[in-house]
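Colleague: Construct the complete structure from the given sequences, taking the supplied hints into account.
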Amino acid sequence: MAAVNGNATSSDWDDRYYHIDQILDRPGPRTDPSFQAGDDVKKFLRNKCKILVIGAGGLGCEILANLALSGFKDIHVIDMDTIDISNLNRQFLFRPKDVGKPKAIVAAEFIMNRVPGVKVTPYFGKIQDKDEDYYMQFNIIVCGLDSVEARRWINATLVNMVDDDNPESLKPLIDGGTEGFKGQARVILPQLTSCYECSLDMLNKPTAFPICTIANTPRLPEHCIEWASVLEWPRVYGDKRLDTDDPEHINWLYNIALKRAKEFKIEGVTWSLTQGVVKNIIPAIASTNAIIAASCCNEAFKIATSAAAYLNNYFMLIGTDGVYSYTFEHERRKDCPVCGGESLDITVGKEWTVERLIEMLVEKEDIQIKRPSLSTSKKQIYFQAPPQLEQATRPNLEMKVSELLEDGDEITVTSSTLPFNLSLRIKYT
Amino acid sequence: MNQSGSQSIEQATTAIQAQPDSKTRRYDRQLRLWAASGQAALESSRILVLSASATSTSILKNLVLPGIGHFTILDPGTVTGADAGNNFFLNGFSSIGKSRAKEALPLLKELNDSVDGEAAVKSVEEILGSAEGRQWVKSFSLVITHNLPQTPLDALSKLLWEELEDPPLIVVRSAGFLADFYIQFREQCIIESHDETAPPSLRLTKPFPALQEWATNLDISNIDPTEHAHIPFIVLLIKEADQWRSEHNGSLPKTYDEKKEFKKHIRSRMVKMDEENFEEAENQAFRMWSEAKIPSDIAALFDLEPLQQPISSSSTSQPNGVTKSPHKLNPEFHALLQALHKFVTSPDGPGCLPLSASLPDMKTDTTSYVKLQTIYKDWAAVELAKFKEILKAEYPDLTIDKAVVDSFVKHAHQIKVLRGKRFGSWEEDKTAVAQALDSYPQETATRLALNALSTLLHHNPDPTSITAEALKTEVQSQVGQGVELPSSLDDAVGELARAPTADLPNTAAFVGGMIAQEAIKMITKQYVPVNGYCVVDLVESKTGIIAN
Ligand SMILES: [Zn+2]
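Residue numbers (UniProt numbering), protein chains in the order written: chain B, 1 to 429; chain D, 1 to 548.
Source of the hints: derived by calculation from the structure; they are not laboratory data.
This structure is a prediction, so every number in the text was calculated from the model and none was measured.
Misleading hints may appear alongside valid ones.
What the simulated footprint calls covered on chain B by chain D, stretch by stretch (three residues with Cβ under 8 Å from a Cβ of chain D suffice, anywhere in the stretch; the number is not a length) [what the hints assert, rightly or not]:
id, segment
1, 23-29
2, 83-90
Capping the alpha-carbon separation at 20 Å, the derived lysine to any residue pairs in SDA-like fashion look like this [said to hold, decoys possible]:
id, chain 1, residue 1, chain 2, residue 2
3, D, Lys272, B, Gly276
4, B, Lys279, D, Thr366
5, D, Lys23, B, Pro96
6, D, Lys371, B, Pro29
7, B, Lys182, D, Ala35
8, B, Lys265, D, Leu107
9, B, Lys182, D, Gly544
10, B, Lys97, D, Leu372
11, B, Lys265, D, Thr374
12, D, Lys23, B, Gly276
13, B, Lys259, D, Gly544
14, B, Lys119, D, Asn91
15, B, Lys205, D, Met362
16, B, Lys97, D, Thr374
17, D, Lys542, B, Lys205
18, B, Lys259, D, Val370
19, B, Lys97, D, Ser114
20, B, Lys262, D, Lys371
21, D, Lys542, B, Ala309
22, B, Lys262, D, Asp21
23, D, Lys542, B, Asn216
24, B, Lys259, D, Thr366
25, B, Lys97, D, Gly544
26, B, Lys182, D, Glu192
27, B, Lys262, D, Val370
28, D, Lys542, B, Ile282
29, D, Lys23, B, Pro206
30, B, Lys262, D, Leu359
31, B, Lys265, D, Asn91
32, D, Lys371, B, Thr213
Some chain B residues judged to face chain D by a derived CB distance under 8 Å, without partners named [stated by the list, open to error]:
id, residue
33, Trp13
34, Asp15
35, Tyr254
36, Phe264
37, Gly268
38, Asn280
39, Pro283
40, Ser295
Note that CB positions come from ideal geometry on N, CA and C, so glycine has one too.
Modeller: Now the structure itself:
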């Protein structure tokens, strides 16, 4: 690395920031009066500001390039994935020779080679490996993830980090996401604006097929594929994990699904559909990622420099029919389980069993959890794990909620997919 | 592990190894959007981009990655320190002083081995100055310009409006946080618009014979309970409608009360609680409120006259004495459209769009669903054959690819036709500009301010000569002295005076993504491109469309 960027004359040259400096040398008509045009803002951006990029995939590659060209010099990037051939249609820092290598490391090296003087520090691993001290070192965090779970984790972590006595503890989070020709970018100021959790009900819940359809009355090719992956794989392979990145595994599922489809005279099972269903593949193209990543980086630049007001707080784009975009303020939810002050009320029938309550929680769009465990400060209601505790609490599943809890009682919900403990207050109808 | 399990593994591993080839795997995430037909169109496209600016290379990056056939960068300039600082597709300091087009070329080409690229180190004036050069420009499938000065831009946009078949032109301009773009094209005929707002009719109010027969023969009160809970909602609704018509002089529910009553009837036929197919029938009952009609936007297309090259046009005029019949643009599409018109008005036809073979999922058992799917598919084939007969009778000399005809009929409910306008024609219409200033003040002000910037830089390329006042005066003179300017114009001219020549990396990337999206839509003829000026304001993170 040093050999590439060590040459002082090649890492800063006359007019290098000719374009950016037009913005930083003077305010525009809509710029906040607090903007300090000139050297101070440039020094902060180029010498002091430390920024974290989460994800080095479709959005991440674009974000890293934009930040580097915008003048951020101390960039960190986290990604737990390795490069796959299907990334190459959009993740433009990777080449066929890089397939199999860690995204974070390859991306960091590419940026440092291409944009002299920029330091990119990669971490090949999970965001959950890092603690609050780690996240505390950054001024801004930009997130280009495709996983809802990881987003919920970083959002909850940053909201919990806010300490009223320490203004530095508030870390602006800029989040982007795309699907096909559509996407969104948003700015989250933890505890001040709506957070990721506040808007969870805006997500489309992935289509889930009822087990009885899959087992007894398949109609669509998807039902046959689900039969292969959800029922046949565990039946045949027991505890062996299905690796959706392993083409052999996909091939097995494809053949099993195809066989079932033939048996039932259902058309349309293909390799590509099999892979799409079991991996829950979302279409992705370079151009949409470019737009959304640019929007995220534009906001990061505006927050870092105050050269213009940053987005308050949501930008949504639909490019399927012309260009339609909508910029609006997403409202905070007072009963947001992460940033709201109030606990969430849930209405339960007097006759409901604990099992029915759990089913209801799993289906609730604004909390989106899998396999929840329930308890109160006094007792355990139902635990999914460990096995002994599951066995001990299993009888409660058939009991009525009203036999265990009184109106207004608070229960704590935990789940491996939930990065925080959710508090719910029971209300009977 | 049981016997049948290990058998199926064996069968599975000896069965077909159908993993796609490496090209399909590479393009997997985009093939799910535009399929092999869209990909083939991209791969045969040839794109000319004028300038190797940061914005231009951003556009190209997003077109090389998905796999266009060829691109040429036309740029006579050498890399400055400023270029090396804001353009990701230059080699930093080491590119300074070298050709911009040639330095950018390999860094773009390495994004995708299957894309062919070329650097043309020439000025646009030189190209447009020769007949050969003008023909060369017209040989591309799409031309894109970024911040091209006014004089060559006017010449280029006029050149590409001479003949009907001239390639579309995308004009992109940006400065600082502001940008706009326009697509100049004659006509865009779209079969796969991917518009799912109006899904194809299931023909429930006008069932085709096999479907009607199913409903008629069904004896709902005399059926075993399991089967009862699996009758498809489609059949339930048709059955209920027959009953209703017989009691209401042949008409379907019209008033609110009638509709409520109809739903009540459905519910009353449940033999036990929670029969999901009956619940579904009740929820889908709205499908019975209106007859299967031809959607009005499709019907409007039937009156569309194909565009014709005027005989007087200089570039198509024949040597004296030879008369050539005027040729039409997109003749195949218009033939399909007229055949569709004949099909829907034919007295022995269904009186609506051809049946689509696709069926939504519904609460039923496998056998009934497959049976239903089969009768839909069979009847769709009957109507497709009828459509083809009409097409052949009307246009005996025209041979249209079978896949195109099939796709047209399958997507008949979502076809679209866009008619474009010449670049700059909007500004010539002072009334339209004044109206736009009134209805969309911010977007229109930004567009006009960018026009003014272009004019001022044309007269004096020194960016320090650009002031907010000068821009405002220029805007006023362009729209006419009497026209009142909105207060948002001050924001636009102020922002342009701040950064008149700044090609910001984030703006370049944003616009680069948008233009590539539009280019892909134009080339694949799938999805719907912008028809009008798209204005981008990255101070407020907004986009808007005017003059559409
Ligand atoms: Zn919240």
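Colleague: Let me make sure I understand: some of the numbered hints might not hold for this structure. Which ones are they, in numerical order?
Modeller: Of the numbered hints, 3, 4, 6, 8, 10, 13, 16, 17, 22, 23, 25, 28, 29, 31, 37 and 38 do not hold.
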